[in-house]
Amino acid sequence: MTSRRDFLQTSMAASALLGASGFGQWGRIAAQQTLTQDQLLQFETFGNVSLIHITDIHAQLKPIYFREPSVNLGVGKNKGEVPHVTGADFRRLYGIEDGSRSHYALSSGDFTALAEGYGRVGGLDRVATVINHIRSERPDALLLDGGDTWHGSYTCHHTQGQDMVDVMNKLKPDAMTFHWEFTLGSERVQEIVEGLPFAALGQNIFDAEWDEPAELFPPYKFFERGGVKIAVIGQAFPYMPIANPGWMFPEYAFGIRDENMQKMVDQARAEGAELVVCLSHNGFDVDKKMAGIVKGLDVILSGHTHDALPEPVLVGDTIIVASGSNGKFVSRVDLDVRDGRLMGFRHKLIPIFSDVITPDAEVSAAIDEVRAPYEDALSEVIGKTDSLLYRRGNFNGTWDDVICDALISEREAEIALSPGVRWGPSILPGGDITREDLWNVTSMSYGEAYRTEMTGEYLHVVLEDVADNLFNPDPYYQQGGDMVRTGGLGYRIDISKPQGQRISEMTLLKTGEKIDPAKTYQVAGWASVNEGTEGPKIWDVLESHIRKQGTVSADPNTSVEVVGY
Amino acid sequence: MQLTRRNAILMGAGAALAAGLPFSVVAATGEEAIAAFTGGAEVGEGDIKLTAPEIAENGNTVPIEVSSDTATEIMVLALGNPTPAVATFKYGPLSASRTASTRIRLAGTQDVMAIAKLADGTFVKASSTVKVTIGGCGG
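Those sequence lines, one after another, are chains W and L. If you count the first sequence from 1, position 20 lands on 20 in my numbering, and the numbers rise without skipping. If you count the second sequence from 1, position 97 lands on 97 in my numbering, and the numbers rise without skipping.
It is worth saying that the hints were derived from the structure and are not from the lab. Yeah, the Cβ is synthetic: ideal placement off N, Cα and C, and Gly gets one too. Among the hints, a few may not be true.
One side of the interface only, derived from the structure: several residues of chain L facing chain W at Cβ under 8 Å [said to hold, decoys possible]:
# : residue
1 : I55
2 : G59
3 : T133
4 : I134
Distance ranges between label pairs, derived from CB positions [said to hold, decoys possible]:
#  : chain 1 : residue 1 : chain 2 : residue 2 : range
5  : W       : D336      : L       : G92       : 17 to 25 Å
6  : W       : D516      : L       : S127      : 36 to 44 Å
7  : W       : W247      : L       : S95       : 36 to 44 Å
8  : L       : S127      : W       : A377      : 53 to 61 Å
9  : L       : T122      : W       : E215      : 36 to 44 Å
10 : W       : G227      : L       : D120      : 47 to 55 Å
11 : W       : G292      : L       : G46       : 21 to 29 Å
12 : W       : P556      : L       : A107      : 37 to 45 Å
13 : L       : E32       : W       : D266      : 38 to 46 Å
14 : L       : G46       : W       : G564      : 35 to 43 Å
Could you build the full structure based on these sequences and the hints that come with them?
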């Protein structure tokens with residue numbers, strides 16, 4: 001790996017020559033580090049079973065930048081607990097050195113400087129190399145995909161998920177569960193799932209009319225690995241028809257259904273399972289609660305909330321593993337299963353540093369092939385940014401600030417609403433914004449940018465409703481996204497209060513006036529879950545806006561005052 | 001989702017008799033319905049299970065299930081509805097299972113409660129908060 005390491009060091013030395021511009025102290029520390037593929041993959045094989053977990057890829061085939069959140073507040077029992085610890089606090093908690101590769105990969109703070117030093121992350125061809133390496137040490141390792149795989153990019157949208165299906169098949173997963181996949185529509189989901197060479201699992205995917213398990217998605221599957229009988233139970237995102245447009249998949253009902261999960265665990269154990277693994281798209285706090293209720297789950301591979309944790313969290317005898325998002329991480333979990341029970345584990349969250357890990361040639365070629373017909377459209381430069389553009393954070397991100405600006409100016413609105421999704425890579429200051437970048441933060445099957453009238457009272461109801469999805473103290477009532485982003489509208493939120501009392505001081509930023517409950521406002525937004533929503537596509541709105549701007553900027557957003565944490 | 005023969009089948013499968021809305025006229029509130037059902041007896045915890053979604057996918061048709069090993073009657077209440085009484089299921093001594101599934105309409109986020117009268121004449125209850133939301137955006 002000498003050449004890649006040299007490349008990394010060389011690129012950083014070149015940056016250093018440019019002086020201090022955006023290249024801070026951590027960059028210099030980074031330059032002194034020697035990061036190699038061997039170090040990233042170093043793992044002493046343990047026990048008799050290996051699990052490989054990847055989740056929430058959101059169709060990111062190529063390496064990207066991805067800034068982790070600096071605001072991720074926990075409520076109730078999860079206040080101050082991981083994953084609700086960010087930035088320097090996160091690094092202190094895990095003993096991560098400032099400026100280290102783990103700082104860059106796992107936490108916020110000095111992101112731009114570290115990104116310039118450590119480079120991009122992810123890329124499914126690099127992921128393939130990591131998986132192949134683990135399989136070289138443990139040939140029968142199980143590869144489990146937590147879902148949100150067939151959504152999130154230009155090529156994924158235009159191929160209706162086929163690009164991701166083709167590339168993922170090269171990685172040879174053993175099982176998968178689901179969330180955004182369903183926004184392709186149930187017909188397309190059925191078409192793909194029927195052709196999958198691996199198990200499509202979901203104990204909580206039910207037939208909506210009969211409230212019985214959906215036949216297309218078995219609850220679990222048995223695997224015999226290392227002489228151990230393993231049951232992998234799927235848990236799809238519980239709130240799909242609420243958080244996403246249910247009219248696109250009316251045949252299905254979901255829910256947490258922990259009583260059915262218990263039934264499946266008991267059934268699998270009765271059928272001889274020595275190890276029970278839950279491949280989950282619940283979100284981390286929901287998984288933690290479920291682990292305390294359902295008995296007999298050895299491992300939960302947790303997805304949906306995009307948390308990347310360097311160590312598993314233990315709840316009773318259950319290990320919960322969180323493996324990040326956007327192809328940025330792969331988790332390896334080695335397990336020692338003897339006499340029908342789990343005796344021990346060894347875990348590593350492997351960050352996919354794309355300048356350090358050699359791409360797998362076959363998967364690289366497959367990625368190039370699916371992208372080739374779209375390459376011109378993907379690479380067209382729409383504009384530039386002089387700010388870091390990112391999305392993650394409970395209340396706002398600079399990408400969403402730009403999107404809200406676009407909605408207000410292009411749709412001639414007073415207030416903009418942008419969904420609190422957690423996918424979407426980052427762009428460094430000074431970087432070009434290509435069409436691919438726009439689609440990476442907006443692509444979806446219901447991307448219409450609507451313009452409508454809302455009363456001040458209704459706007460308050462909307463904010464309260466979304467806030468309760470995020471800050472209800474009981475995780476089973478949370479849906480796992482972030483707060484709806486607002487443009488042109490400021491507010492105060494007390495996250496410790498119950499629904500209806502969290503949001504106050506709503507202000508129309510343009511005039512500084514308080515929002516009048518009785519008055520009507522012009523509101524633009526996108527990603528409505530309602531059928532029949534009309535408007536231009538959000539990526540077209542954003543492209544038009546950025547073309548006019550030339551270079552976009554996102555000043556620090558101070559429109560939301562957060563208290564009660 | 002429309003109310004179809006499905007509901008009738010479900011109730012039949014539970015070997016239960018749905019007594020309709022016996023309190024709809026005389027009992028306007030949940031408390032009055034409970035008092036009429038229990039005759040003012042104390043309601044404890046025990047042999048009654050209520051299964052309901054945490055968040056309703058559609059507030060107009062929320063699937064719920066009640067079950068008990070020893071109940072002779074189970075009353076279901078949607079405490080936040082204008083008319084809280086939903087149904088009372090009655091089981092005879094030969095009932096193979098004391099279970100009922102149905103779908104109910106909820107006016108908004110509220111507690112759904114099941115109160116069972118057990119064979120020994122005591123009353124037990126279980127309740128569950130069902131959130132009805134306007135929908136949003138997941139991760």
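**Asked** Can you list which hints this structure breaks, lowest number first?
**Response** 2, 5
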